[in-house]
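Line by line, the protein sequences give chains A and B. For any residue, its number in this note's numbering is found by taking its place in the first sequence, counting from 1, and adding 6. For any residue, its number in this note's numbering is found by taking its place in the second sequence, counting from 1, and adding 3.
Wrong hints could be hidden among the right ones.
What the hints assert, rightly or not - Calculated lysine-lysine pairs in the DSS-like style (CA-CA distance at most 25 Å, straight line):
| id | chain 1 | residue 1 | chain 2 | residue 2 |
| --- | --- | --- | --- | --- |
| 1 | A | K61 | A | K7 |
| 2 | B | K23 | A | K103 |
| 3 | B | K69 | B | K17 |
| 4 | A | K108 | A | K60 |
| 5 | A | K7 | A | K74 |
| 6 | B | K67 | A | K103 |
| 7 | B | K44 | A | K7 |
| 8 | B | K44 | A | K108 |
| 9 | B | K69 | A | K103 |
| 10 | B | K44 | A | K111 |
| 11 | A | K7 | B | K58 |
| 12 | A | K61 | A | K74 |
| 13 | A | K7 | B | K67 |
| 14 | A | K59 | A | K111 |
| 15 | A | K111 | A | K74 |
| 16 | B | K58 | A | K103 |
| 17 | B | K58 | B | K17 |
| 18 | A | K74 | A | K59 |
| 19 | A | K59 | A | K103 |
| 20 | A | K61 | A | K108 |
| 21 | A | K103 | B | K44 |
Calculated directly from the structure, the hints in this document are not laboratory data.
Below are the chains, spelled out letter by letter.
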Amino acid sequence: KNEVEQSPQNLTAQEGEFITINCSYSVGISALHWLQQHPGGGIVSLFMLSSGKKKHGRLIATINIQEKHSSLHITASHPRDSAVYICAVPTQGGSEKLVFGKGTKLTVNP
Amino acid sequence: GAVVSQHPSWVICKSGTSVKIECRSLDFQATTMFWYRQFPKQSLMLMATSNEGSKATYEQGVEKDKFLINHASLTLSTLTVTSAHPEDSSFYICSATAGTEYTEAFFGQGTRLTVV
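Here chain B stands alone, though its shape is the one from the complex:
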């Protein structure tokens, strides 16, 4: 099946610093990528939707200036957590699709972010 590679798989950073997470589709062109966040024992929650070459669409309650999303090509989207705080510590995961609602979603391995 199609592969989505997410990097890094885990990261520890100090409060106030920024962290960039990459999501790459390795063998298909991802017209749309989604970024999710999962707190312990909670379900995955959509943060934003990104389409190549356009601004990301953020879900209600997600600060677009804090979570910067760039989808510069059909195979790469990045999520940058700016001025990270301990409450941003979470599991971040991306998914990519190649088209319509009938297209299977492929998930990255996820990134465990710990802000100390």
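Bound-form chain A, shown alone:
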């Protein structure tokens, strides 16, 4: 069964700073998900990626399949980016079931 490690657990930044959140997993996968959970609990899917890099606005996600590692970057961070960011991977190859990291709580101060 896949295991997911995220770092850091908590991150505080000043508005405008460049943010990096890391995710490592133990078993080879087909695709990795980055999710955003707001204080109310609702979850938004940010990215699903299986190789290389994806960009959406100020968010960039990269993945290195060989190293079993992914990063989520936020450029020009803003207080509205404050949320918990979670990475999720299939429990095992070919599975639709996801196992989730514990999340990184990001606080961006104005």
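Using the hints provided, position chain B relative to the given structure of chain A.
Quick look at chain B alone, frame taken from chain A:
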């Protein structure tokens, strides 16, 4: 993007009563829906997987008689917490996919259940 609607967003119920949570895919047919539970400061944990028209598959340690899942159509799955106890108080969230492992998962807004 695709939308998954979960209802209610919060509910308070008395011990011993049952609570039903609905998860609907609004603009796509969800072949598979997943139900998760999240306790405070914990990660999301998969409870069960449901496929339309068949019995749900429960994860180890999840009581299928307590957490009844029905996936009667390609756009609706329901989770019923039966004989609720205070320890069932948690955040329940569903997700839906339209197909294979390469398909993006779309999440509902979640339901905050408090059993008093």
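25 Å limit on alpha-carbon distance, applied to hinted pair K7/A and K58/B: holds, 23 Å
Given pair status - K111/A, K44/B, alpha carbons within 25 Å: holds, 10 Å
Satisfaction of hint between K67/B and K7/A, Cα-Cα up to 25 Å: holds, 22 Å
25 Å limit on alpha-carbon distance, applied to hinted pair K59/A and K111/A: Holds. K59/A to K111/A sits at ~23 Å (cutoff 25 Å).
Pair hint outcome, K69/B versus K103/A [Cα-Cα no greater than 25 Å]: holds, 21 Å
Pair hint outcome, K58/B versus K103/A [Cα-Cα no greater than 25 Å]: holds, 16 Å
25 Å limit on alpha-carbon distance, applied to hinted pair K69/B and K17/B: holds, 16 Å
Restraint status (C-alpha distance of K61/A to K7/A at most 25 Å): violated, 29 Å
Hint consistency between K61/A and K74/A [alpha-carbon to alpha-carbon, up to 25 Å]: Measuring from Cα to Cα gives roughly 19 Å; hence the hint holds.
K111/A paired with K74/A [C-alpha distance capped at 25 Å]: Judged against 25 Å, a Cα distance of about 22 Å means the pair holds.
Pair hint outcome, K103/A versus K44/B [Cα-Cα no greater than 25 Å]: Since the Cα atoms of K103/A and K44/B sit roughly 21 Å apart, the hinted pair holds (cutoff 25 Å).
Restraint check for K61/A with K108/A, where alpha carbons must lie at most 25 Å apart: Holds - the C-alpha atoms of K108/A and K61/A are around 23 Å apart, at most 25 Å.
When the structure is compared with the earlier hints, violations turn up for hints 1 and 17 and for no others.
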